[in-house]
Amino acid sequence: MRAAALWLVALVIFGVIASGCIGGEEAKTSQTEVQLTGDLTKDLVEIGKVLEQNGVNEVKFSAWGSGDPNSVMRVYGIVEAARRINKIWADNGINVKIVITETHYVASFQDAYKEYLSKQPLGQAGDFFVNSYAFLPTLADEGYILDITDYAKAYQGVVDDFYPSLIEASKFNGRLYGLPQDTEARPLYIRRDVAQKIGFELNGLDEKVKNGEFTWSDVYYWAKKAKDEGAAEWGLIHRKGSAHPDLIQFIFAFGGRLYDPNTGKLVVDVPAVYKWLYVEWKFARDGLLPEDIMSWDWAKQIHPAIVEGRTLFDIGGTWYWTEWQTKQYYAKDGTPRGLKPEEVKEWFYYTLFPAGEKGDKPVTLSQPFVWMINSKAGQLNPKYDELKDVYHKLAFLMLIKASDPDINAIHSVISAHLPVRKEAAKLIKDEKWLSDLKALNLDLSDDVKNNIRDIVQATVNPINAQFLADVSYMLEYTHLAPAHPKYPALADIFKEAVDKVLRGEMTPEEAVNYIIQKVKADPELAQNVEIQGEIPKDWKFPQG
Amino acid sequence: MARGKLRDLSFFLSPMVLMVFLFYLVPLIMTVYISMTRMRNWNVDRYLTEFVGFYNYERLFYMFQHDPTFKAVILTTLVFVGITLMINVFGGLALALATFFINERPASSYRLLWLLPRMSPIAVYSLVWYYFFHGSEIGTLNSILMSLGAISEPIPWGQVTPWGAWSVIIFVNGLVGVSFGMIVFTSALNQIPRELVIAARVDGASSWQISRRILIPMIKWHLLYVLTWQFLSLLTTYPHLFLLVQWDLVNRDYGTTLALYVFNTAFGRGEQDQGLAAAAAVILSIIGILGGFVTLKVLKFERMMKRPRGDF
Chain S
1 MRAAALWLVA
11 LVIFGVIASG
21 CIGGEEAKTS
31 QTEVQLTGDL
41 TKDLVEIGKV
51 LEQNGVNEVK
61 FSAWGSGDPN
71 SVMRVYGIVE
81 AARRINKIWA
91 DNGINVKIVI
101 TETHYVASFQ
111 DAYKEYLSKQ
121 PLGQAGDFFV
131 NSYAFLPTLA
141 DEGYILDITD
151 YAKAYQGVVD
161 DFYPSLIEAS
171 KFNGRLYGLP
181 QDTEARPLYI
191 RRDVAQKIGF
201 ELNGLDEKVK
211 NGEFTWSDVY
221 YWAKKAKDEG
231 AAEWGLIHRK
241 GSAHPDLIQF
251 IFAFGGRLYD
261 PNTGKLVVDV
271 PAVYKWLYVE
281 WKFARDGLLP
291 EDIMSWDWAK
301 QIHPAIVEGR
311 TLFDIGGTWY
321 WTEWQTKQYY
331 AKDGTPRGLK
341 PEEVKEWFYY
351 TLFPAGEKGD
361 KPVTLSQPFV
371 WMINSKAGQL
381 NPKYDELKDV
391 YHKLAFLMLI
401 KASDPDINAI
411 HSVISAHLPV
421 RKEAAKLIKD
431 EKWLSDLKAL
441 NLDLSDDVKN
451 NIRDIVQATV
461 NPINAQFLAD
471 VSYMLEYTHL
481 APAHPKYPAL
491 ADIFKEAVDK
501 VLRGEMTPEE
511 AVNYIIQKVK
521 ADPELAQNVE
531 IQGEIPKDWK
541 FPQG
Chain Y
1 MARGKLRDLS
11 FFLSPMVLMV
21 FLFYLVPLIM
31 TVYISMTRMR
41 NWNVDRYLTE
51 FVGFYNYERL
61 FYMFQHDPTF
71 KAVILTTLVF
81 VGITLMINVF
91 GGLALALATF
101 FINERPASSY
111 RLLWLLPRMS
121 PIAVYSLVWY
131 YFFHGSEIGT
141 LNSILMSLGA
151 ISEPIPWGQV
161 TPWGAWSVII
171 FVNGLVGVSF
181 GMIVFTSALN
191 QIPRELVIAA
201 RVDGASSWQI
211 SRRILIPMIK
221 WHLLYVLTWQ
231 FLSLLTTYPH
241 LFLLVQWDLV
251 NRDYGTTLAL
261 YVFNTAFGRG
271 EQDQGLAAAA
281 AVILSIIGIL
291 GGFVTLKVLK
301 FERMMKRPRG
311 DF
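Those sequence lines, one after another, are chains S and Y. As numbered in UniProt numbering, residues 1 to 544 make up the first sequence, in order. As numbered in UniProt numbering, residues 1 to 312 make up the second sequence, in order.
Honestly, the hints are just simulated from the structure, not real lab data. Fair warning: there could be bad hints in the mix.
Only pairs whose alpha carbons sit at most 25 Å apart, straight line, appear in this in silico DMTMM-like list of lysine to aspartate or glutamate [to be verified]: (1) Y:Lys71 with S:Glu524; (2) S:Lys300 with Y:Glu153; (3) S:Lys265 with Y:Glu153.
Covered stretches of chain Y, going by a simulated chain S footprint (3 or more residues, C-beta under 8 Å) [said to hold, decoys possible]: (4) 44-55; (5) 68-78; (6) 124-138.
Just so we're clear, the structure is a prediction, and the values are computed from it rather than from any experiment. Ideal placement from N, C-alpha and C gives every residue a C-beta, glycine not left out.
All chains should be modelled from the sequences, with the hints used to inform the complete structure.
Structural data, given as structure tokens:
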């Protein structure tokens, strides 16, 4: 009996060892990591081979984006990148294919962010996410998006082609978390027809604005003249809401700041904020700016007032240029319609946001959209745990591909956003390329072509391309709202204060104190915000 | 208690006990727990174990002391719940009584009309009132009043603080809520033997006298039920308010109740602070529990629950 037991034990031990030897070849793990070299084709081929060796022939990704209807390339750029990568693999005999399972595109970028925030922890958010850089700090801080700093080192050549300020906007705590997708400037639009009625000479005005000779006191003067002489119903129309940082430009235009890089805290620059609120208050009190503008309806009030020439000035974004052509805001002749490119060119002059007062500088403000990668990107694919590194690097390479200059340039032209790469900016100036785009005679997938065909027809023309070229210089004057997790809360308070001074519920001084009180009332906000400076005594607006 | 009786009770009560446990007690316990963590941005893995004690309650209390908006929120909650509750209960009662005394066919159509707001999707319904109360000439109400010559300038109804904003949110919510009371009261009134009403009529009683002396006393328990239900419902309702504030129709400070504050803090801002929202939600729950308890005690709810006489 004892001998039998010994035999049994020996047999088991032998079996274990034998199975280890037999399975030795099988157990030898296939390659699950790749090193990026900076040669896109080589890296893609390497990744393709690894996937193939591991039995993966189809990689599924989803792309989430948001914005106006003209900005759909924010998701179709990913679709096109997938097609181009598939072609590279096919050309190199690799039997792997990327399939974009979902192109989730919604109008409100804030709603898209909220959806991503709630679904990412559940593993249900898109693999690619394009949204405002303002949300990047929170997403990065929570670990919801991929740190691509090390991947990007291999592609420094591509990264260097992006405008440096936009790459900075894609960082958090010094680490890179995305690649810029688009950006914009926020010009001051001026109605040429209204200006002509009041003798407001626009030729050379942009130079005066650049030199700081034309300030907000001059804006006030001409706005008042337009109103007093009955040339326009309003002197100025601007946007509303806290998420739209157009009005924040006033802080920079008055030489203020919103962020202290030394302390990493947000700043309430009291003198600049006071001057901003005073300008708003003065314009509204004199009937030059609607006192209830913060509750105006976009489609029925704000845009129609601008396109129908019921205001002299308007603070808007570059994307207004094509939005006015594709949305039916103009109803002066009866049936609402979009403007013709020629009309937009004829009616609107554009310049930088003027300096607050003499001695200050003109500004503009950008809110770049950034392509980010979900930190769980590719999780629904086979062998995710083993091949995580490969899926993440593939996702990064897709972003590199989606940033191809032509994809970026197409997006810029059809949505009137500014290109984020220097190569894309060159393409926009190429007439042949523009005519090819107009005819959709470009290397694009049928899916992408079909989805942008109508937008291309409505927006691709020399006038719009010229506009983009004309406003590109504004990026040299651009400021960015701080990428700080607490900034949205502070921006909300600013919005409330502006609303109160416009309506006359508070004087500018009371509104500044209101902002300070609100900041101090929330201990967490108070810890992250510095109150700097004091309300200037005897400050006058307008100045001579 | 006899074993058989306990078994029967368990059998019949267990679904309800399970429901209460799963959908009330568990969420309540979770909310209390989350209110004591730094939970934010849905990051359960990171924050669920980061216990901060009463930090969120202290923060809330500090904000209550120093933030003018927060005081407006509390005041708005009191006014909104108080007045809308009266409209929902007594408006529902008035509608039920009014339709009680007319022919069934027109009465049904009339009741259906009042049910329309409840049947409409919230976004559509809110959009209707957004354009109706809009503070410019595109607002239906303003354009009507201006064309009648009653006003020369549009009135920003929802931005007149506090009563303009309160009136809009109370009106919009009251119109939805009033149908609930109407249905319950109509059903209750239909259970009253017609002979009583006919006899009173024969004796020369007016509709008002019949309502006051016969109908209302006979449906007092229904009144109590609607009152308590609507109180708890109004305390926690926010979807219509959310849209009206979001669309800038009503003033943000005086259009936000505590329930909407909880929602916005948890889900609505750039930084979503579920810990702070949970603390506010716990306070809201305490107010609800206390309010419900007081309502039931003051109106002697237990008298409705006494054992029926005779067949036990």
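Comparing the hints with the structure gives:
1. Using a Cα cut-off of 25 Å, the hinted pair lysine 71 of chain Y and glutamate 524 of chain S holds, with the two alpha carbons roughly 19 Å apart.
2. Between lysine 300 of chain S and glutamate 153 of chain Y the alpha-carbon distance is near 18 Å, which keeps this suggested pair within the 25 Å criterion.
3. Under the criterion of a C-alpha separation no larger than 25 Å, the hint pairing lysine 265 of chain S with glutamate 153 of chain Y is inconsistent with the structure, at around 45 Å.
4. Coverage of the region 44-55 of chain Y by chain S holds in this model, with 3 residues showing a Cβ closer than 8 Å to a Cβ of that chain against a need of three.
5. For the region 68-78 of chain Y, the proposed coverage by chain S is satisfied: 3 residues have a C-beta within less than 8 Å of a C-beta in that chain, meeting the threshold of three.
6. A stretch counts as covered by a chain when three or more of its residues have a beta carbon under 8 Å from one of that chain; for the region 124-138 of chain Y and chain S the count is 4, and the coverage holds.
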